[in-house]
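Using the sequences and the hints, build the whole thing.
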Amino acid sequence: MSQSTLNGQLFIDEVNVAEPVSGYLLIESDKTLHIDGIEGELYLEMRGRLSSQLKEVASFEIAGATTVLAGEPLKIPFTFVFPMNQMPVYEGENVSFTYRCEAAIKINENDIEKLEKSFIGKVKMWLNKYGAIKVSEHISLGELTGAYQIVPKKQQLRIDSTFMMFFLGSILVFLITLCIIQKFDELILIVAVVLFNVALFLLKKIVVASIGAVSVELLKDGTGFICKIYRTKGFVLSNQSAYYDIVEKVIDRRGTSDTTNTAILFTSNSKKLTELGKNAILKFDYPEKKGWYSMKQGDVSIHWRMNLEGKLSIFPISYHCLFEVKRVED
Amino acid sequence: MIKKYSYNPFAGILEEEIDEAICPRFDLDEMVNRINSGESLAIEFLGRKGRGKSTHLMWLQQYLDQYPIFSLNGNTSFQGILEHESRIIFVDSIHHLNIVERVALFRAKKTVIYTTHFNRKLECLLAKKKRFCIRFKGINAVILTDILNKRLTLAATKIVDTEAVFTTKEVQALIRKFGDDYRAIINHLYQEFQCPNPR
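Chains as they are written, first to last, in our numbering: chain A, 1 to 330; chain B, 331 to 529.
A portion of the hints provided could be inaccurate.
Lysine-lysine pairs mimicking BS3-like chemistry, simulated, CA-CA at most 25 Å apart [what the hints assert, rightly or not]:
| id | chain 1 | residue 1 | chain 2 | residue 2 |
| --- | --- | --- | --- | --- |
| 1 | A | 134 | B | 480 |
| 2 | A | 31 | A | 114 |
| 3 | A | 296 | A | 249 |
| 4 | A | 31 | A | 134 |
| 5 | A | 153 | A | 220 |
| 6 | B | 458 | B | 499 |
| 7 | B | 379 | A | 134 |
| 8 | A | 249 | B | 379 |
| 9 | A | 134 | A | 114 |
In short, the hints are calculated from the structure, not lab data.
Here's what the structure looks like:
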């Protein structure tokens with residue numbers, strides 16, 4: 001006896017958050033098939049330079065027990081509500097977030113053996129191990145973006161390990177190693193690694209102590225935000241400037257070793273601080289493009305970073321801190 | 331303009347898509363029979379990173395899902411693996427265990443199917459385990475073309491003439507540039523397909 005095929009396709013209107021959405025499932029088989037029920041599921045789909053993932057955001061019933069008659073297309077209308085407070089659709093450098101709807105068609109166990117999995121056109125169907133056929137379709141989501149709003153915060157900036165530290169640390173380690181050990185053996189390598197880290201740590205402490213500390217206070221301000229910069233007396237960096245950037249970070253755990261991919265999504269104008277005295281007040285605007293809200297979803301994150309740069313003699317020094325910007329309704 | 335692809339075809343795939351995306355390096359039925367034969371074995375997927383070891387491991391486990399798979403990139407503890415009731419297990423990235431743990435694991439379990447960058451002959455010798463190795467090395471234009479075309483088909487919103495997307499010359503150029511590092515090739519193409527109007 002030849003096996004039967006079941007073809008299905010989902011049709012869904014454009015989705016707007018918190019409003020009822022209409023759609024229908026069209027299924028057709030060349031033999032009569034009994035269905036125990038059809039469940040609808042909405043997923044957030046993360047794809048990019050990582051193991052792609054689906055995260056269920058809602059489920060609903062499409063139909064109860066029904067029968068697909070041989071050769072007669074069955075159209076099953078349904079409605080659902082897209083839940084509020086979901087991630088906006090996002091197309092980044094290393095990752096994208098979209099939403100998709102799936103219909104899980106639970107075939108009656110007496111009919112499963114009759115069935116042959118099939119593909120038609122753009123529709124992908126899977127017969128999973130629970131005897132359900134899945135039909136999926138990406139959904140077109142209306143505007144999920146809103147305005148940016150900073151989460152007020154006061155914190156100290158952290159100094160970055162710069163080229164200067166690396167350079168000086170390397171020289172220091174090289175000189176000390178030469179002085180202590182005259183011949184090359186494995187010990188040199190171990191001592192060099194340990195000394196390098198110690199030297200780097202000490203150098204960082206010395207630089208921080210000699211330059212002074214700097215902290216920022218971030219406050220809401222209409223279409224942008226205020227950044228107040230507090231520097232300790234005698235903060236000696238020259239050519240100081242501040243800017244913020246938005247960074248996308250994706251940890252790729254595929255395979256036997258992890259890789260971190262980062263991309264700068266946006267960099268603000270850099271503002272000079274040299275003539276602004278001890279405490280500076282800067283105003284920054286948000287980017288025109290929406291959708292870059294602070295977030296962390298598994299191995300994917302978007303974070304906003306305030307940066308302060310300057311020079312100690314000829315050596316560039318930079319400080320940074322992370323801050324949060326959330327989405328609010330316009 | 332109608333979008334050709336629902337998503338970037340060279341993004342990471344979902345677990346449920348592996349079966350359709352993979353070009354197997356070994357005969358599936360033969361491997362399943364080997365694992366179910368009752369023989370005590372260490373089955374090694376050996377190769378450098380980016381050669382498809384983990385993908386093959388996950389794919390094989392999907393056909394033997396009565397046996398668990400442990401990824402040692404995450405928070406899985408050695409003790410948790412050892413104490414798991416299953417006598418046959420899959421382990422991704424076994425190099426995250428130290429040699430003593432690997433020997434203990436080989437002794438405790440009947441069959442361990444694992445990915446590794448270096449062969450585990452010594453551990454198998456110490457655990458008196460028979461070792462069966464599959465090397466993930468080398469590439470050819472036919473297989474690579476097949477892999478790329480499967481990715482395009484999976485992501486396509488309509489039927490795509492995949493032969494028109496990657497010519498033999500382009501595939502050979504990719505091999506010249508990246509060698510047998512599939513991951514590097516896929517990542518390179520991901521970047522290329524991120525542009526607003528991909529091929």
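Hints that the structure is at odds with (numbers, increasing): 6 and 7
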